[in-house]
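Using the sequences and the hints given, assemble the complete structure.
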Amino acid sequence: MAVSGAEHVPALRIRDLRKAYANGFEALKGISLEVQQGDFFALLGPNGAGKSTTIGIVCSLVDKSAGNVEVHGIDIDTDFPGAKKYIGIVPQEFNFNLFENVFDIVTNQAGYYGLPRKLACERAEKYLKALGLWDKKDVSGRMLSGGMKRRLMIARALVHEPKLLILDEPTAGVDIEMRRGMWDFLKELNAGGTTIILTTHYLEEAEALCRNIAIINHGEIVENTSIRGLLRRLHREVFIVDSADTLPMDLSLDDFTLRRVDDCTLEIEVEKGQHLNDAFAALDAQGVRVVSMRNRANRLEEMFVTLLESAA
Amino acid sequence: MTLHEQYVAFSTILRKEIRRFLRIWPQTLLPSAITMSLYFVIFGSLIGSRIGEMGGFTYMEFVVPGLIMMAIVTNSYSNVVSSFFGSKFNHSVEELLVSPTPNYVILMGYVVGGVIRGLLVALIVTCVSLFFTRLQIHSMFVVVFGVILTSVLFALAGFINAVFANSFDDISIVPTFVLTPLIYLGGVFYSLELLPDFWAAVSKLNPLVYVVNAFRYGVLGVADVSVGFAFAMLGGFAVLAFTYSMYLLNSGTRLRQ
Numbered sequence: 407m408a409v410s411g412a413e414h415v416p417a418l419r420i421r422d423l424r425k426a427y428a429n430g431f432e433a434l435k436g437i438s439l440e441v442q443q444g445d446f447f448a449l450l451g452p453n454g455a456g457k458s459t460t461i462g463i464v465c466s467l468v469d470k471s472a473g474n475v476e477v478h479g480i481d482i483d484t485d486f487p488g489a490k491k492y493i494g495i496v497p498q499e500f501n502f503n504l505f506e507n508v509f510d511i512v513t514n515q516a517g518y519y520g521l522p523r524k525l526a527c528e529r530a531e532k533y534l535k536a537l538g539l540w541d542k543k544d545v546s547g548r549m550l551s552g553g554m555k556r557r558l559m560i561a562r563a564l565v566h567e568p569k570l571l572i573l574d575e576p577t578a579g580v581d582i583e584m585r586r587g588m589w590d591f592l593k594e595l596n597a598g599g600t601t602i603i604l605t606t607h608y609l610e611e612a613e614a615l616c617r618n619i620a621i622i623n624h625g626e627i628v629e630n631t632s633i634r635g636l637l638r639r640l641h642r643e644v645f646i647v648d649s650a651d652t653l654p655m656d657l658s659l660d661d662f663t664l665r666r667v668d669d670c671t672l673e674i675e676v677e678k679g680q681h682l683n684d685a686f687a688a689l690d691a692q693g694v695r696v697v698s699m700r701n702r703a704n705r706l707e708e709m710f711v712t713l714l715e716s717a718a
Numbered sequence: 004m005t006l007h008e009q010y011v012a013f014s015t016i017l018r019k020e021i022r023r024f025l026r027i028w029p030q031t032l033l034p035s036a037i038t039m040s041l042y043f044v045i046f047g048s049l050i051g052s053r054i055g056e057m058g059g060f061t062y063m064e065f066v067v068p069g070l071i072m073m074a075i076v077t078n079s080y081s082n083v084v085s086s087f088f089g090s091k092f093n094h095s096v097e098e099l100l101v102s103p104t105p106n107y108v109i110l111m112g113y114v115v116g117g118v119i120r121g122l123l124v125a126l127i128v129t130c131v132s133l134f135f136t137r138l139q140i141h142s143m144f145v146v147v148f149g150v151i152l153t154s155v156l157f158a159l160a161g162f163i164n165a166v167f168a169n170s171f172d173d174i175s176i177v178p179t180f181v182l183t184p185l186i187y188l189g190g191v192f193y194s195l196e197l198l199p200d201f202w203a204a205v206s207k208l209n210p211l212v213y214v215v216n217a218f219r220y221g222v223l224g225v226a227d228v229s230v231g232f233a234f235a236m237l238g239g240f241a242v243l244a245f246t247y248s249m250y251l252l253n254s255g256t257r258l259r260q
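Protein sequences appear in the order of chains A and B.
When we follow this note's numbering, the leftmost residue of the first sequence carries the number 407, and every step to the right adds one.
When we follow this note's numbering, the leftmost residue of the second sequence carries the number 4, and every step to the right adds one.
Keep in mind the hints are simulated off the structure, nothing from the lab.
These numbers come from a predicted model, not from an experiment.
Here a beta-carbon is modelled for each residue, glycine too, at the ideal position from N, C-alpha and C.
Check the hints yourself; a few may be wrong.
Claimed, not checked - Mimicking DSSO-like on lysine-lysine, the simulated pairs with C-alpha atoms at most 27 Å apart in a straight line are:
id, chain 1, residue 1, chain 2, residue 2
1, A, Lys555, B, Lys91
2, B, Lys91, A, Lys542
3, A, Lys543, B, Lys91
Stated by the list, open to error - Partner residues are not named here, just some residues of chain A that face chain B (Cβ under 7 Å, in silico):
id, residue
4, Thr484
5, Pro487
6, Lys490
7, Lys491
8, Ile495
9, Gln498
10, Asn501
11, Gly520
Okay, structure coming up:
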């Protein structure tokens, strides 16, 4: 039975989870994964891979066909209401009543979790302020911008202060500045002890936020490891180099693959085992003065594509 | 959830429901008052004055209980069907489904919301009727019990309709093609004694006959059917509707994938 609260219990444990829809489509083919308490976990996969189905089962919006799900040690088959208290969910689609005002949307959700009205109002104020929506508290949901609607769903998911927050594509359609602000908020939340599971199409987001990752494709887990471990397995990295002067037309480096982006910018591929120092030495020998260099920020994307291709 | 937490969840749903129908009162409260006023004027005053007595009462006195009950039936039903289908349509029902609120609390919240709208409209219609006739209560117990039982039954029926509805058309089909004909043929405007034996017997298959007559008995003290039997039928249907609604919620029919 429940051993909730024990530190050694995973925040989420999924074992051999299967889902077959009435039309015969098998969305999940027996996936298993564990997310430890305090983790910031990314669940990645292409469209239709099974991410939202998995989340839907954990949150009781989708019925599983087989398998086990435990949230903080509570099996959803034996005590789903008990398990639900630990979970906050931010779905992919907007799912609040557009005609209710922001404050009511959040306090109503608190009420559904049994929070007394006074506490619900205090929590609503706390999270609406934290997410920059307090000045919109009396505004109807339909009047909010897309980014505000996403933040409203985060405030709503947090109002009962869940230990496990699940976000399904939380920054989809959100501008860069607001996305960075949301990242900072989520990092702070995670630092405070909330376990976070995130699905996203922005792999840069997973790389910036998450410690562990599972990649799902065609209803199967094709990778489940740490982000750092995954990136270590990259055989190749691409660096973007900016030159102070126009690059020589006949520029070439032994052992390195180059791609000229423009007159002053170069991409250098560095294979595993090669040293970047050698590339700089060769550039220096040809009179190229490097003024800046950065890693191309799609390392995870390359790994993601590689994994999906190898699983196909 | 503890009992107190369940009470908090219930009162949250109920408050949301009441605020919803009060916010859109021109759509939810006003139409019944206007429609019933027209019924009182046309059937009660203009035509009724030429009909004479029915069941020992003036025609106006005779139709008022049926018209009040008609308002209760349609409003209890339409409140739940439109609210719950709306929450399905905009997916806000997921707010409840992901929460630990037990299914029976969800059902009670919506049903009591429908009952309160039904009672509020009944109060408005009753006040309007006082401009046209004097109302005397024969049995307060029968009136109160009949009104509550009827509004619960039709709120549950509205919930079942909402679960199965796929579009806004689907939530108007039953009220238009089933509920309204049954109400009109349920003895609101006439006594079953006026019908030939065969049609009087057929009419007794109509559940609205029991709804109207139970209430009419409570107000006037006359009815075409036994009040005890009418309450037994209404109670039986309410238990069936509640059981089926719980089955739909527990199985997630049309709510979970």
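These are the hints, each one checked on the structure:
{"no.": "1", "hint": "A:Lys555 - B:Lys91", "in the structure": "holds, 19 Å"}
{"no.": "2", "hint": "B:Lys91 - A:Lys542", "in the structure": "holds, 25 Å"}
{"no.": "3", "hint": "A:Lys543 - B:Lys91", "in the structure": "holds, 24 Å"}
{"no.": "4", "hint": "Thr484", "in the structure": "violated, 14 Å"}
{"no.": "5", "hint": "Pro487", "in the structure": "holds, 4 Å"}
{"no.": "6", "hint": "Lys490", "in the structure": "holds, 4 Å"}
{"no.": "7", "hint": "Lys491", "in the structure": "holds, 5 Å"}
{"no.": "8", "hint": "Ile495", "in the structure": "holds, 5 Å"}
{"no.": "9", "hint": "Gln498", "in the structure": "violated, 11 Å"}
{"no.": "10", "hint": "Asn501", "in the structure": "holds, 4 Å"}
{"no.": "11", "hint": "Gly520", "in the structure": "holds, 3 Å"}
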